[in-house]
Every structure is written in structure tokens, then in C-alpha cells.
Amino acid sequence: MNRWPSVAVAVFGASAVLLGAFGAHALRGMMTPDAMQVWHTAVGYQFWHTLALGLVALMLRGSFIEKCGRHGHFLILALRTSAIAFVLGIVLFCGSLYALTLGAPLWLGAVTPIGGVAFIVGWIALGIASMREFVE
Numbered sequence: 623m624n625r626w627p628s629v630a631v632a633v634f635g636a637s638a639v640l641l642g643a644f645g646a647h648a649l650r651g652m653m654t655p656d657a658m659q660v661w662h663t664a665v666g667y668q669f670w671h672t673l674a675l676g677l678v679a680l681m682l683r684g685s686f687i688e689k690c691g692r693h694g695h696f697l698i699l700a701l702r703t704s705a706i707a708f709v710l711g712i713v714l715f716c717g718s719l720y721a722l723t724l725g726a727p728l729w730l731g732a733v734t735p736i737g738g739v740a741f742i743v744g745w746i747a748l749g750i751a752s753m754r755e756f757v758e
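All you need for the numbering used here is the position in the sequence shown, starting with 1, plus 622.
Among the hints, erroneous ones may be present.
FRET-style restraints, in silico, Cβ to Cβ [said to hold, decoys possible]:
{"#": "1", "residue 1": "Asp656", "residue 2": "Phe696", "range": "42 to 50 Å"}
{"#": "2", "residue 1": "Ile750", "residue 2": "Leu728", "range": "31 to 39 Å"}
{"#": "3", "residue 1": "Arg625", "residue 2": "Ile736", "range": "20 to 28 Å"}
{"#": "4", "residue 1": "Gly725", "residue 2": "Gly694", "range": "42 to 50 Å"}
For the record, the hints were derived by calculation from the structure and aren't laboratory data.
Even glycine gets a Cβ: it sits at the ideal position worked out from N, Cα and C.
Please construct the entire structure, taking both the sequences and the accompanying hints into account.
Structure, rendered in C-alpha cells:
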């Protein structure tokens with residue numbers, strides 16, 4: 623049940639490398655410098671939030687949860703919330719930037735801030751989960 627974030631890390635990590643290489647090689651010269659910067663921003667956010675999701679995946683496994691005693695259920699909820707939020711952020715924020723760069727309709731830009739909010743929720747939930755560990 624708590625293993626899906628590890629699979630998501632592998633998928634998002636590999637796709638970040640592929641998308642970064644695609645942007646650097648296949649799209650170079652085909653887009654304006656501003657569009658390339660947007661692509662680069664999406665790749666960067668995907669990498670950083672994939673690493674954060676990896677931390678969440680590690681925290682969901684093994685002895686970390688067991689050490690939390692009576693707060694274990696709360697910790698699992700906070701970590702799952704963080705994982706879901708990071709996945710949504712990657713899909714909505716990064717995905718909309720990739721799509722816009724490739725010529726998607728401009729209305730899709732309305733999705734980008736929703737993904738940004740999901741990233742913020744993910745970091746807050748991760749912070750709450752981390753704080754609960756020290757309260758015990």
C-alpha cells in the first residue's frame with residue numbers, strides 16, 4: 623500500500639531525465655529562448671519534487687513509521703497526503719508547462735497554479751509529518 627510512491631519516483635525521475643534531454647536536443651533551435659526557459663523550469667521542478675517524493679517514499683517504509691508509536695496513523699496520513707500532493711503538482715504544474723511549451727491552448731495555463739498549490743500542500747504535509755516524529 624505504501625509502495626506506490628517509490629514507483630512514482632522511478633517514473634518521474636526517468637521521465638525528468640528524458641524530458642530534459644528532449645528539451646536540450648530535440649527542441650533546441652525550434653523554440654524561443656523564453657519557451658526553452660519554461661521547459662527548463664518544468665524539468666527542474668519535476669526533478670526537485672521527485673527527490674522530495676523519494677524522501678516521502680523512504681519515510682513511508684520500514685522502521686520510521688514504527689518509531690512513531692501512537693502518532694503512526696497520523697504520520698501515515700500526512701505522508702500519503704504529501705505524496706499525493708507532490709504527484710499532483712508534478713502532473714499539473716510541470717505537465718501544463720510542458721504542454722504549453724509544445725503549443726497547447728493558453729487556457730491550460732490556468733492549471734499551472736493549481737499544481738503549484740499542490741507542491742505547497744506537499745511540503746506542508748511533509749513538514750507536519752516530520753514535526754510529529756520529534757514530538758513523541
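We went through each hint and held it up to the structure:
no., hint, result
1, Asp656 to Phe696: 42 to 50 Å, "holds, 44 Å"
2, Ile750 to Leu728: 31 to 39 Å, "holds, 36 Å"
3, Arg625 to Ile736: 20 to 28 Å, "holds, 27 Å"
4, Gly725 to Gly694: 42 to 50 Å, "holds, 47 Å"
When the structure is compared with the earlier hints, no violation turns up for any of them.
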